[in-house]
Each structure stands twice: as structure tokens, then as C-alpha cells.
Amino acid sequence: MMSGKVFPPAPAADPGARWLRRLAWVCAALVLAIILLSATLRLAKSGIGCAPWPQCYGAAQAGAVAQAPDALAPVRAAHRVLAVAALGLVLIMLAIGLGGRPRWQQDSGEALALLGVTLFLALLGPFSAGSVLPAVALGNLLGGFAMLALCVRLAARRRVGGAGARAWAWLLALAVLAQVVLGGLASATGSILSCDGLADCAAAAQGQSWAALQPWRAPGSAPGAPVQWLHRLAAWGVVALGVPLAWRRLRQGDRGAGLLLACLLAQIVLGPAMVSAHFPMALVLAHNALAACTLALAARWL
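FYI, in my numbering the residues of the sequence shown are 296 to 597.
Treat the hints as calculated values from the structure; they're not laboratory data. Among the hints, a few may not be true.
As the list claims (entries may be wrong) - Computed spacing ranges between beta-carbons, pair by pair:
| # | residue 1 | residue 2 | range |
| --- | --- | --- | --- |
| 1 | MET576 | ALA462 | 31 to 41 Å |
| 2 | LEU469 | ARG550 | 31 to 41 Å |
| 3 | ALA458 | SER504 | 34 to 44 Å |
| 4 | ALA324 | ARG550 | 43 to 53 Å |
| 5 | ALA568 | ALA498 | 35 to 45 Å |
| 6 | ASP365 | VAL321 | 27 to 37 Å |
| 7 | GLY383 | GLY492 | 39 to 49 Å |
| 8 | ALA324 | ARG371 | 17 to 27 Å |
| 9 | GLY459 | TRP348 | 38 to 48 Å |
| 10 | PRO349 | TRP505 | 37 to 47 Å |
| 11 | LEU493 | ALA390 | 41 to 51 Å |
| 12 | LEU367 | TRP542 | 19 to 29 Å |
| 13 | VAL564 | ALA324 | 19 to 29 Å |
| 14 | GLY548 | ARG313 | 15 to 25 Å |
Glycine residues also receive a C-beta, built at the ideal position from the N, C-alpha and C atoms.
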């Protein structure tokens, strides 16, 4: 005999939420392109990709190389156009989030944070072109990475695990941030040729000053081996934290964990390849993009 109990129909997909997710994915793609364009400007200014290597890199760090003013004009123009487009998308997403249902409160909060980071980068922009301070480069770097992480959180389905899994994800995110900061410092201070490999950097850092960790110091005013050593240590910390977490979540059916695992494994191969190939621009940009994607994918579990 059939029961008389009537079950309510499954709720229809919210069109506003669908639009918010789609716009967030588009914005994530724009932000990733902006990150790469910004990195191209920053790295070219520091001498990455120049020839003959490494003499030209040392000359660039000393300010002895005169760069053609129009060489990077198309990159700079594309960066500005995409930045304006991203700001427009952020404003639209914020309007959708604030006008949505109560359950969208987290989405609207993240869209508001995204707007705050975007405005911070817009204010920082005028100081970026003429500044050599590592602090300015780090502000641009971390701001772009934060925008990508917020876009991916808005776009992707949340994957919230238990308290232990979230704590592990926080450790991973903090380790990635530490590696990004140290990598940005190594690039901005001209420290990438200070040493070769983890053991060599550890030996070179012994007895040296840690003043290169101060982002308000001018490049070249402090030895860079300690920064390179810490950057390599942080890289192995990211691998040690990220691979077990990604593998566990992949076995639980999270396909995003597979992308995170691929990013981590690619970084293991890319790091030594980048050094042995004398830091070509393409590999350095790939290294930068993989770090941004690693942070964004880990942010889904926070």
C-alpha cells in the first residue's frame, strides 16, 4: 500500500547563482591573464629573458641596461584593458550577490572582498611602473593571486571537509603564500643567481645577513642567498603538504584535487628545468601561473 506522504519537489537551480558562477569563471580567466601580463612586465624589467645571460641580468640589476620604451607597450596596454574588464565583472558579480537570496551571503562577502583587492591594485598601479621597491612588486603579486583565489571560490562548488582537512588546507595555503612571497622577493631583489640548489643555497646563506627579507630595501643592497634558500625550503613544504591532501581528496571524488596534484607535480619538474635553462621567460611565467593556480585550488577547501 502506498504511503500518503507527499515529498516536496527538488528545488530548481537558481538562475542568479548560475550567472554568478559563470561570471566568476570568466573573471578568473581574465585575472590569470592579468597575472601573466603583470609578471611579464615585472620580470622583463628585472632582466629575465635577456641575452647574453647572465651578464645582461647583472647589468639590468645594476641599472646599466637601457630598455626600449615601446618594447612592452602592447603588454602594458593589454594589461590595462583586461584590468578594466575585470573590474566591470567584479562590480556585476557584487550586484548579483548583494541582490540575491540570504543563502548568498558568503558569495556577496567574497565578491566584496574581490572588489576591495581590485581597488587596492588600481591604487597601487601608478606606483608600479617607476618603483624598484620589492614591496610594490609583492603588493601586485599577492593582490593578483588573491583575486584569482576569490574568483575560483566564487565559481567552483565548495568542497568543505572535516576540521582536520580544513586545517591541513590552511597550512597548505599559508605555505603557498610563503613560497610566493619568497619567490617574489628573490625576483624583485635580483637574488635568483645567488646560489644553485637547496644544499648550495643553505651553505651560501650561512653567516649572511637576512636583510634581503625586508621588502622596503632597494634591490642589490643585501645578499640574496638566504631568500633563495627559504624559497626552496617553502617549495618542498608545499609539496609535502599538498600532495597527501590532494591525493586524499582525489580519492573522495574531488576532480579539482586532480588539478592541484598536477600543478604540484609540474612545479617539481619545472623548478630545476627553469634553473638549468637559465630562466627563460616562458618557464618563469609558467612557474608563476602554476603557483597562482595552486593557491586558488587550495582556497576551495578553506
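> Any hints this thing doesn't respect? Which numbers, in order?
Replying inline: Hint check: 2, 4, 5, 10, 12 fail, others pass.
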